[in-house]
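These are the residues of each chain, in order.
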Amino acid sequence: MPYIKVDENLPGIRALLAFSPETAEPLGVLTNLLLRSNDGLSMAERELIAAHVSYLNDCFYCHQSHGEIAVCYLNGDRQLVEQVKKDYSNAPVPDKLKSLLAIAASVQQGGKNVMPQQVEQARALGATDKEIHDTVLIAAAFCMFNRYVDGLAATTPPDLATYPPRASQVAEHGYGNHVFAASQPV
Amino acid sequence: MAYIDLQNDLPGIRGPMAFRPETAKPLNELAEILLHQQHDSLSCGEREMIGAYVSSLNDCFFCQNVHGAMAGHYFECDASLIDSIKHDYQSAPISDKLKALLAIAGSVQKGGQYVTPRQVEHAKKMDATDRDIHDTVLIAAAFCMFNRYVDGLNTWAPQDPQVYADRAAMRAADGYANLNAFK
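Going down the list, the protein sequences come from chains V and W. If you're matching positions, the first sequence starts at 1 in our numbering and goes up one per residue. If you're matching positions, the second sequence starts at 1 in our numbering and goes up one per residue.
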């Protein structure tokens, strides 16, 4: 049960965004900029980074939600997404993405855990400055979102079947106040 | 040296913000609402102190100095009081409500799941509103993002505490919205 009085019909972070629509606004803008772009990293790669960091932070609502959004972008390949979340080094994804996931995993521990060698490795595999920047900021932002959700004990829907419809909504319309203002997709 | 070519020499978070102004805008708008905007029950000093405390737990030199100096400016106190709050807030001359909220912020820094119902009940007993609790958690969470952004890209930070003290009045007057990283 959430630590503050929120709308119980809204799942997870959506209830918190509805409680505080003013802060929801810049959070939505930030998320669209970081996750709804194919400039450098693809939208699928961005969601995989978010899902992996959320998995490392043990935030079920977030890793399940963003994992399902990645599934939308990856032609329904749920097995691939689960493997990237849990064991990316053995997943069939490009080495460049693996090197960026390594950086994201370090950011999850703390900013100072990112090592120069990790950055050099990413660069050697073709990562640009913008891709490295975006990886760090996505990972950092999810360290915020995961804490926001779990720190207020936001409701985690236990029925896994409810995550794909919400994921489709985001895959079609992106992030923003519509995720709590409209009726919830089923 | 920063891990990427930021194309500027600005310190701390200002470097990455000048590198990518589009993401800087919502980050600064969030900071403005959380830390600078008028609030019914948490002063600017209290909110900046929560940010500074979490930044010290995350060992982020730049952030704890910027926001520690902001808190010191609003509280009109010595840096030594800010340091004593960072190191041992339970013994510091601050309100019981702020102590209860700092305990929650400290838990958020470790991870959302570390916040306990007892901590929340205690904060409410000390007159924290739902808004106070929401904002404390979001400020603490946001600083877990800002600290990682600053240190994850290996930005540089001025070492002289006076640099931060000198800028606090300007930031308190200007706020964070439309922040010009170059100023």
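Rather than coming from a laboratory, the hints here were simulated on the basis of the structure. Mixed in with the good hints, there may be bad ones.
DSS-like mimics (lysine-lysine), calculated; alpha carbons at most 25 Å apart, straight line [what the hints assert, rightly or not]:
(1) Lys99/W <-> Lys86/W
(2) Lys97/W <-> Lys124/W
(3) Lys25/W <-> Lys183/W
(4) Lys124/W <-> Lys110/W
(5) Lys125/W <-> Lys110/W
(6) Lys112/V <-> Lys96/V
(7) Lys25/W <-> Lys86/W
(8) Lys112/V <-> Lys130/V
(9) Lys86/V <-> Lys96/V
(10) Lys124/W <-> Lys99/W
(11) Lys110/W <-> Lys112/V
(12) Lys25/W <-> Lys130/V
(13) Lys86/W <-> Lys97/W
(14) Lys97/W <-> Lys5/V
(15) Lys5/V <-> Lys183/W
(16) Lys97/W <-> Lys86/V
(17) Lys130/V <-> Lys98/V
(18) Lys110/W <-> Lys99/W
(19) Lys97/W <-> Lys112/V
(20) Lys130/V <-> Lys97/W
(21) Lys98/V <-> Lys112/V
(22) Lys97/W <-> Lys125/W
(23) Lys86/W <-> Lys124/W
(24) Lys110/W <-> Lys86/W
(25) Lys130/V <-> Lys96/V
(26) Lys99/W <-> Lys5/V
(27) Lys5/V <-> Lys86/W
(28) Lys110/W <-> Lys97/W
(29) Lys86/V <-> Lys98/V
(30) Lys5/V <-> Lys25/W
Given the structure is predicted, the values throughout are model-derived calculations rather than measurements.
| task | For the pair supplied as a hint, Lys86/W and Lys124/W, confirm whether the alpha-carbon distance does not exceed 25 Å. | result | The given pair, whose Cα atoms are some 22 Å apart, holds under the 25 Å limit.
| request: Mind checking the alpha carbons of Lys110/W and Lys99/W for me, to see if they're no more than 25 Å apart? | output: holds, 17 Å
| said: Check the hint pairing Lys112/V with Lys96/V against an upper bound of 25 Å on the C-alpha distance. | reply: It holds: about 21 Å lies between the C-alpha atoms, which stays within 25 Å.
| task | Could you grab the alpha-carbon distance between Lys5/V and Lys25/W and see if it respects the 25 Å cut-off? | result | Roughly 30 Å between the alpha carbons, so the hint for Lys5/V and Lys25/W is violated.
| Does the structure keep Lys86/V and Lys98/V at a Cα separation of 25 Å or less? | Given pair Lys86/V, Lys98/V holds - Cα atoms ~12 Å apart, limit 25 Å.
| field | Proposed proximity, Lys97/W with Lys130/V (alpha carbon, max 25 Å) | value | Outside the cut-off at roughly 42 Å; violated.
| message | Given the hinted pair Lys130/V and Lys96/V, is their Cα-Cα distance within 25 Å? | response | holds, 14 Å
| query | Are the Cα atoms of Lys130/V and Lys98/V separated by 25 Å or less? | reply | At roughly 16 Å apart (the allowed maximum being 25 Å), Lys98/V and Lys130/V satisfy the hint.
| said: Check whether the Cα positions of Lys110/W and Lys97/W lie no farther apart than 25 Å. | reply: holds, 21 Å
| request: With a cut-off of 25 Å on the C-alpha distance, tell me whether Lys124/W and Lys110/W pass. | output: holds, 21 Å
| query | Given the hinted pair Lys25/W and Lys183/W, is their alpha-carbon gap at most 25 Å? | reply | Within the cut-off at roughly 15 Å; holds.
| said: Run the distance test for Lys97/W versus Lys124/W: straight-line Cα separation, threshold 25 Å. | reply: Since the Cα atoms of Lys97/W and Lys124/W sit roughly 8 Å apart, the hinted pair holds (cutoff 25 Å).
Hint compliance for this structure: hints 7, 15, 16, 19, 20, 27 and 30 are broken, all remaining hints hold.
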